[in-house]
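Based on the provided sequences and hints, a complete structural model is requested.
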Amino acid sequence: MGDEQKPKKKYVYVRKTQWFDGHKYEATGKTEREAVQKLADKIAAAKRGEGAVGGSMTVDAWFEKWYRTYKAPKGLTPKAAKMYGWEYRKHIKPIIGAKRLKDVRDADLQGILNANAGKSASLLKKLRMILQGMFKRARQSRLIVWDPAEMLELPAMKEGHRRSLTDEERASLLATAATHKRGLWVLTLLYTGMRPAESVALTWGDIDLDAGEIHVWRARESGSRRLKEPKTEAGIRDIPVRGELLPLLAHAKAEALRKGAGLTGYVFPGAKGKVADETTVNHWWRTFRRAMDIQRGAKLYRNKVVETTLPDDLTLYCLRHTFATDLQRAGVPLNVAKELMGHKDIMTTANIYTHRDTAVLHTWISRMNGRGKEE
13 MGDEQKPKKK YVYVRKTQWF DGHKYEATGK TEREAVQKLA DKIAAAKRGE
63 GAVGGSMTVD AWFEKWYRTY KAPKGLTPKA AKMYGWEYRK HIKPIIGAKR
113 LKDVRDADLQ GILNANAGKS ASLLKKLRMI LQGMFKRARQ SRLIVWDPAE
163 MLELPAMKEG HRRSLTDEER ASLLATAATH KRGLWVLTLL YTGMRPAESV
213 ALTWGDIDLD AGEIHVWRAR ESGSRRLKEP KTEAGIRDIP VRGELLPLLA
263 HAKAEALRKG AGLTGYVFPG AKGKVADETT VNHWWRTFRR AMDIQRGAKL
313 YRNKVVETTL PDDLTLYCLR HTFATDLQRA GVPLNVAKEL MGHKDIMTTA
363 NIYTHRDTAV LHTWISRMNG RGKEE
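With the sequence shown counted from 1, adding 12 to any position gets you our numbering.
Keep in mind that the hints were calculated from the coordinates and are not lab data. Hints are not guaranteed to be accurate.
Straight line, CA to CA, 30 angstroms or less: simulated DSS-like cross-link-like pairs of lysine-lysine [what the hints assert, rightly or not]:
id, residue 1, residue 2
1, Lys28, Lys86
2, Lys193, Lys271
3, Lys50, Lys86
4, Lys114, Lys86
5, Lys102, Lys131
6, Lys170, Lys94
7, Lys138, Lys91
8, Lys102, Lys36
Here are the simulated distance ranges between beta carbons [stated by the list, open to error]:
id, residue 1, residue 2, range
9, Ala342, Asn363, 31 to 37 angstroms
10, Arg174, Gly309, 41 to 47 angstroms
11, Gly274, Val318, 42 to 48 angstroms
12, Ala168, Arg101, 44 to 50 angstroms
13, Asp115, Phe32, 16 to 22 angstroms
We treat Cβ as the ideally placed atom computed from N, Cα and C, and that holds for glycine.
Encoded structure:
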């Protein structure tokens, strides 16, 4: 009898479950206290982003995990970081946020894009970028067996249109710049083609009057006041200063140095001499545009413009586009224009050069007059 084995004690396990962020978590223990503690540990891990990841998790849960793991570590600008969360919560979350990742179909994602048909190309391309980024990574991580975002098509959208100034607008702009506080800034953009974010990063040391050049080597980071080098080497360039602009910059530099600004002082500073942020730059353009509107005869009521003379598409970037068009009209070769504009890809420059300009067409055709005739 002494060799008889005692029957093993049977445990009745306690099982506890809880839903969190669209995912069901489960834990078992020999006692209720043990099961509750294990479940609490799992929920805590999930809140830290350490929970189980799989096709059964919701799209909401995967977006948070995807963003924290694959996007945030890249050091996005504050503006870009805000964009991901804003566009997801506004356009994607209400449609598929509660769905399980593995249950999402291509028609669901195409429906999100189609629901925003007719809106800006910028918005639709951002939404497609987010969807394709999320689901491509989910497939690569073996969370889903196929990628429903792979073949997404952009619906009809409103393309942004950047154009050059008309001759009449240019005349009004030049007249306004002669007296406006921001006139030199506007003329610098018009005559150099610099991006606004590049212009506010300029210091007086970057204005080389002897060489007649502006050294462009950094820009304000989008959504902040931080200065950074361009993303590509093409953004670092020396722009020869046009004759119309050179004496104006020389006078302004002499005045700034006389007042003690120093070579490190910003040419176009914001408040208290600091880097001008995006809000400030937009304010500069609005005030200049208003003055230009009044110069053209806009109707005022209690000092407010009630009947404008300017079209809505007259934006700050029209100045950069005008610079490119002026290069084209002057016969500047495409590869040279690319360097002056700071474009990485020559196709970006070509897209501007190929915009229809009747004056350019007539100029080049006139050069062919008489050719082909017998001597």
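For each hint, the structure was consulted:
1. With a CA separation close to 39 angstroms, the supplied pair Lys28 and Lys86 exceeds the 30 angstroms bound.
2. Between Lys193 and Lys271 the alpha-carbon distance is near 17 angstroms, which keeps this suggested pair within the 30 angstroms criterion.
3. In summary, the hint linking Lys50 to Lys86 is not supported, as the alpha carbons are separated by about 34 angstroms, beyond the 30 angstroms threshold.
4. Straight-line distance between C-alpha atoms of Lys114 and Lys86 comes to about 27 angstroms, which keeps the hinted pair within the 30 angstroms bound.
5. For the proposed pair Lys102 and Lys131, the alpha carbon gap of about 14 angstroms is at most 30 angstroms, so the pair holds.
6. Between Lys170 and Lys94 the CA atoms are separated by roughly 23 angstroms; this keeps the pair inside 30 angstroms, and the hint holds.
7. A distance of roughly 13 angstroms separates the Cα atoms of Lys138 and Lys91; the hinted pair therefore holds under the 30 angstroms criterion.
8. Of the supplied pair hints, the one linking Lys102 and Lys36 holds, its CA atoms being roughly 26 angstroms apart against a limit of 30 angstroms.
9. At about 18 angstroms, the CB distance of Ala342 to Asn363 disagrees with the hint of 31 to 37 angstroms.
10. Between Arg174 and Gly309 the Cβ separation comes to about 26 angstroms, which falls outside the hinted range of 41 to 47 angstroms.
11. At roughly 44 angstroms, the beta-carbon separation of Gly274 and Val318 lies within the given 42 to 48 angstroms, and the hint holds.
12. A hinted range of 44 to 50 angstroms is violated for the C-beta pair Ala168 and Arg101, which are about 25 angstroms apart.
13. For the pair Asp115 and Phe32, the beta carbons lie near 19 angstroms from each other, so the given range of 16 to 22 angstroms is met.
Of the numbered hints stated above, those contradicted by the structure are hints 1, 3, 9, 10 and 12, listed in ascending order.
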